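Going down the list, the sequences are from chains A and B.
Under my numbering, think of the first position of the first sequence as 6, with each following residue one higher.
Under my numbering, think of the first position of the second sequence as 792, with each following residue one higher.
Quick caveat, the hints were computed from the structure, so don't treat them as lab data.
Keep in mind that this is a model prediction, so the values were computed, not measured.
By construction, the Cβ of each residue, glycine as well, lies at the ideal position given by its N, Cα and C atoms.
There's no promise every hint is true.
Simulated restraints on C-beta separations [unchecked claim]: (1) 32/A x 1251/B: 26 to 36 Å; (2) 162/A x 1386/B: 48 to 58 Å; (3) 1254/B x 32/A: 22 to 32 Å; (4) 1365/B x 162/A: 26 to 36 Å; (5) 179/A x 1274/B: 37 to 47 Å; (6) 1254/B x 37/A: 19 to 29 Å; (7) 146/A x 1279/B: 38 to 48 Å; (8) 1257/B x 135/A: 22 to 32 Å; (9) 1274/B x 144/A: 38 to 48 Å; (10) 167/A x 1268/B: 35 to 45 Å; (11) 848/B x 140/A: 56 to 66 Å; (12) 1368/B x 146/A: 31 to 41 Å; (13) 1279/B x 179/A: 36 to 46 Å.
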Amino acid sequence: MSYAYLFKYIIIGDTGVGKSCLLLQFTDKRFQPVHDLTIGVEFGARMITIDNKPIKLQIWDTAGQESFRSITRSYYRGAAGALLVYDITRRETFNHLASWLEDARQHANANMTIMLIGNKCDLAHRRAVSTEEGEQFAKENGLIFMEASAKTAQNVEEAFISTAATIYKKIQDGVFDVSNESYGIKVGYGGIPGPSGGRDGSTSQAGGCCS
Amino acid sequence: MHETDILDLSDDADYAASQQQGSRSISRCSSDRRSEPSGAEVVFVKDNVAIHPTQYASERIRGRLRLIKQGTCLFMTWIPYKEIGSGGGAFGHSDARLSDKDRNLYSIRAVPVTDIRSIRRHTPTLGWQYVIVVLSSGLAFPPLYFYNGGVREFLATLKQHAVLVRSADDANLFLLNDFQDPLQRSLSSLELPRAVSVAPTSTSESSSSSSVSSNRLEDGRSYSEYQKHRQKSNDPARDLSIQVLEKFSLVTKFARETTSHIFGEIHNDNLITNDRKNQAPIVLNSNNDVDNSGLESASTESSVAADPIESLSFSKQKSSCRKENCCEEASTTVGSFELVDCKEFDKMTLVWGKPRQPPLGTEEWATFLDAEGRILDSNDLRKRIFYGGVEHQLRKELISIIYLLWLQIWKILLGCHDYDSTYAEREYLSSIKKVEYEALKRQWQSISVAQAKKFTKFRERKALIDKDVVRTDRSVTFYDGDDNPNVMLLRDVLLTYSFYNFDLGYCQGMSDLLSPILFVMEDESEAFWCFVALMERLGPNFNRDQSGMHSQLFALSMLVELLDKPLHNYFKQKDCLNYFFCFRWVLIQFKREFHYEQTMRMWEVLWTHYLSEHLHLYACVAILKKHRKKIMGEEMDFDTLLKFINDLSGHIDLDATLRDAEALCVCAGENGAALIPPGTPPSLPLESNLLYSQQDEL
């Protein structure tokens, strides 16, 4: 399926905050409480439409445990967007945000769009982090913020799409050089004709079929 | 394109003349006395004929192609030019990355034209003309690019001196020595040992051995005689060094495919047809514009550097077939070769290790034991399990004896019991250990709520384990459903382990390792001690600083460099040498890559430590090599590669992987072992007191 742009996303945050569930809810529109814990990284993808343009999101769902941080850091490279997730019912997952953010700032490109997600907002009765605290943290660190629930699907679609919209706007504003893939953006073949030309073009200068 | 200035041609009297005149025939013996047997006559010489080992222009090897006549025999040679100033100075810009070894590797020294089956001419509209020479053994040399033209003249000269006919099906295919008798041709196609003869040894040796084998068909020597000859010239794999493997690299995948094709025909039709159009060569030892008559698309195939040891698979596979039901030492069969019943080949695939055996069952198990239950020969047992695993009885409750076999063997493989322990000793030890386990378990069970409040580390570990056990193999019946008691056992064992080995604690991935163990043991204490034994080997995988993982991934990169240099170079070019894309494979021993049952089989094999403690790394190499063409052909970068590798999960052929891993392990031999630093998991650490240098995360 052709797309105008492909954005690479990475989902980060402590173990058990619901990263894989958010991904599954977004890609498959279902909630699966019983799934294997993530070792290394898992992948998901979905097409969305922004400004009438088909955009493919390729989403990297990472393992959250501290021990795997050094591996996770290698996944930041070339990510256009990040979903930084904490669990509103577990205070410590909120407390660890700063260290996640530091990793992201250090290993991702500076223009990466980061969305802060307070997950499990369906469990309001067990809330350990207030919405205001989440908003405050996001504001202080220049992040977009939403509370969401992978279980009820509340705000899940919105979180992924508004991140994409932000990235898209950055492209329109010329923040990114879309021909440089280190920004986590690929121009699709069916998309905007860019100055760089097709990537799959034959190196042969002679036109026509190369078979 | 003339870059002759970089070539040292000072010792070559012919060079100047040929430069001036271009291609020409020489009607008398060349002044070059070095490589031709005495009395030889050079009937054709062409300079600037090149081989392109990779797609990089800088790695092209230019040399001189000659046809030399000695008596009634015509030989073809292609010798690369020597080079000066490699890697430096004003001249070193080209070919600089090639060592003399690389050059020698590709040299074609005196191949009898009687050994050539066909030559395919390629005349692309853009770029150089080239030919692909295919031997009757099915081997093909890399394409020879004629920078100065002269393909037509080359073929014309051949026609003067040998039986050369143009194929009726393909105007660009020229056939030599066209045997009329299909059986003879099939025999000739099987003659793998000729691959040895085309490998660069001394000229006289190589030509004489080639002559012997090519004469065989005429003089009707029996195959057994031929075998004797072969045995002399082809050492068993025990002596295989990488250098030998490199020599083999002239053998191409085409050899196997062609042979497979031929055997398929024999099997299906009892006759080889004369139709040659399906036998167009695929030359993998080179790169550009190869003739793609099969397999994958041209785009993935065309620019991928060849697998340097693919060739070995050919001989190995044959030997494997021969040894179908025999446990002969793997290392002695590599490289050996025997004509076998054709029907054994009809399923010839890319797999090239020794065929897997059926799993060890109870009756056979008894033969490994003495009356008191001691294992008579631990090496024998390990070898047997290495090749077949243990019979799994998934309905354990019905056939308890098999279940016991499985359980007992795992405990022995993991080192919970000594090989020379008796039934009674094992039983006694188990009962002692049960008591010990209960004591360990009480350590955390006795922590009161009040104490837990002051024991952050315990609370956090417990919370993490609680979270993870419900996310472990819940699709496996043994662990599925709500409130499954086995999930609680999983938690209890992990929590007890985190007290037993408090320094290491708990880390994600451990539940994956414990799950099959508990499944087999079904007993908490037994599972715990098996897990302890496994963690003696794999604990460093979970070191906080990832040192155990890094050392294995480093060893893996060394092995790939040894066993597939082009692939290594590719990863290097793509900045992928950290091998993080193999992280999950190594961390939990392929647990997520295979189905549950297969994982257990894999583990049994790995745990034998039969050929190597690090067979899992060879398995990584095997899987990577299996997909090398796709990886390199599609120019995967780190991200794409990671996703590709992830997506292989559930699609990896276990038996093929194990066979390949075995073959690679044998191939690498001591060179491979030497590349893996001492103490690399699952080898035991050098200093046990430094086992877990953990820094607290919590």
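Open item on the list: When the structure is checked against the list of hints, which entries are broken? Sort them ascending.
Closed with: 2, 5, 13
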